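J.: Assemble chain B onto chain A, guided by the hints.
Chain by chain, the residues run as shown.
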Amino acid sequence: MKPTMDHLLISMATTIGTKIIPEMPETSYALGDAKMVAALAVLLAQEVDRAADVLVRENAAIRALFARAAEMPVGPLRAQLAQAAVTTDANLRVSVLEAANAELRALLIDLHALAEAREANWAVRLDYRIWMILKQGAQDRMLVLPSM
Amino acid sequence: MLTPDEITRLAQHLADHLGAKHLHVSNVRRFHGGASRETYGLDVEVDGIPRGLIVRRDPADSLIDTERALEFAAYRSFADSPVPVPLAICLVEDSGIIGAPYFVMERIDGGQAESAFNSEAYGEHRTAIGTQFFTHLGQIAAVDAAASPLAQVTGMPDAATCWSDQLAVWEKVITDDAVEPQPIAMAAIRWLKRTPPPPPQRLSIVHGDYRNGNVLHDLAGRLIAVLDWEMAHIGDAHEDLAWALDPMWNLQDGEGRAAGLILRADAIALWEQESGLGFDAAAFVWWEMFATLKGLGIWISAARAFIDGKNDDPILALSGTFPLARANLLLTERLTQGLRALP
Chain A
1 MKPTMDHLLI SMATTIGTKI IPEMPETSYA LGDAKMVAAL AVLLAQEVDR
51 AADVLVRENA AIRALFARAA EMPVGPLRAQ LAQAAVTTDA NLRVSVLEAA
101 NAELRALLID LHALAEAREA NWAVRLDYRI WMILKQGAQD RMLVLPSM
Chain B
1 MLTPDEITRL AQHLADHLGA KHLHVSNVRR FHGGASRETY GLDVEVDGIP
51 RGLIVRRDPA DSLIDTERAL EFAAYRSFAD SPVPVPLAIC LVEDSGIIGA
101 PYFVMERIDG GQAESAFNSE AYGEHRTAIG TQFFTHLGQI AAVDAAASPL
151 AQVTGMPDAA TCWSDQLAVW EKVITDDAVE PQPIAMAAIR WLKRTPPPPP
201 QRLSIVHGDY RNGNVLHDLA GRLIAVLDWE MAHIGDAHED LAWALDPMWN
251 LQDGEGRAAG LILRADAIAL WEQESGLGFD AAAFVWWEMF ATLKGLGIWI
301 SAARAFIDGK NDDPILALSG TFPLARANLL LTERLTQGLR ALP
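Each protein sequence line maps, in turn, to chains A and B.
Each residue of the first sequence is one higher than the one before, counting from 1 in the numbering used here.
Each residue of the second sequence is one higher than the one before, counting from 1 in the numbering used here.
Next up, chain A with everything else stripped away, as it sits in the complex (with noise of 0.2 Å):
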């Protein structure tokens, strides 16, 4: 049995809060970074346990639509889409997580642009499926930030 990151997060943010920001000066410098530095515990506290998780479902989910994208009229993106379509996270590092899902959604952004840019019925579903992905990760990544 051993802390959790977030209870250790949080409990660094406490002890910032109550012990050491009421013993400095109103006029220090320092008081405003030390209630950022508590701000962003709590913050990161949120985050360190789910970012994992954001990023593999994420990750699965651009690559299933890549891979019907890529069955769609879709011109010269059709083989990235393939060969992206297929790719997969080497390991769960958190790094490694967002290396891949930033190439995901480099080749999401000239995607979207297409399908933006046609009419047809494939073109209007195929950017409502990206809408849905782009807002359950804006939503997965939303945080609650302390009153400040």
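Just so you know, these hints were derived from the structure itself, not from any lab.
You may find that some hints are simply not true.
Unchecked claim - Some residues of chain B that are not near chain A, with every Cβ distance over 10 Å (derived):
1. C90
2. A159
3. T161
4. L216
Stated by the list, open to error - Listed below are the simulated DSS-like cross-link pairs for lysine-lysine, each with C-alpha atoms no more than 25 Å apart in a straight line:
5. B:K310 with A:K135
6. B:K193 with A:K135
7. A:K19 with A:K2
8. B:K172 with B:K193
9. B:K172 with B:K310
Model, not experiment: these values are computed from the prediction.
Beta carbons are placed, not taken as given, at the ideal position from N, Cα and C, and that holds for glycine.
T.: Relative to the frame of chain A, chain B by itself:
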């Protein structure tokens, strides 16, 4: 922090500028939260008369890259106006005095700036502050932009393209500074280009960062200063209104009040009354989207400065977390309004 040698040179320059025989500087302290410049307060005795001054120095890096001459001119544009601003005293573009260009202005004492993320801000005075907040915003838009000192620095934009001028600025920031692909921002930029707003009813001075956190109140219900004009420019006054109403700045108000202060309809009515402009709901939809995109650009740029090691201020690190996530979610919600799956 300013070094003793820098303070000595600053005092000498101030004495020369003010024509003082004796000038003594004391109690120099840095204020937290200067997003674009380092902000110092100092007490000065000028030939025996005490004055409070503010020095705004360009930092190594910042949330917002702006020119100090522009901000200085913006302050001067509202001297002798109903908009409360400190007196702009001198602009120094010589880096030899305190290591970077700076400008000096009068310090307004007895005021407090509230964090835009403080849900308890203003307490019982929230409505009174809200009324003044939107009154002054309208007054900013009412000033003759073409005749202002700001126009001498920036020139007057073409009314037909003032929207695309601003969009180009923030598209470049996002493109240059993002460390990872930004599919939501790119979609927003494409939407903004596809659906341009109508030209403004007239060109106005736009504060550029008019929000909670950039005004001072006296803790007794009076708004006593509008600060932080570093992003001022001339354009469509709807831009300022949209920025002020962006949910990022609403004191985490769950009731949907304008800037977390007063009813949205009341805020818009005050703005119309003071500015003499009509609220254009269709144009406003565009400027709301733009405001959130601009915010996203600021957060991306700030986070980049932190990542690159140009500035280790934790406020820049924070920018890449909640604000970035909040802006992306807001853009997504707006861009997917009315979106339906085809059968």
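J.: Now tell me if each hint is right for this structure.
T.: For each hint, the structure was consulted:
1. C90: 24 Å, holds
2. A159: Label holds. Min Cβ-Cβ 28 Å, cutoff 10 Å.
3. T161: 23 Å, holds
4. L216: 16 Å, holds
5. B:K310 with A:K135: 32 Å, violated
6. B:K193 with A:K135: 21 Å, holds
7. A:K19 with A:K2: 23 Å, holds
8. B:K172 with B:K193: Within the cut-off at roughly 14 Å; holds.
9. B:K172 with B:K310: At roughly 19 Å apart (the allowed maximum being 25 Å), B:K310 and B:K172 satisfy the hint.
In terms of the numbered hints stated before, the structure departs from hint 5 and from no other.
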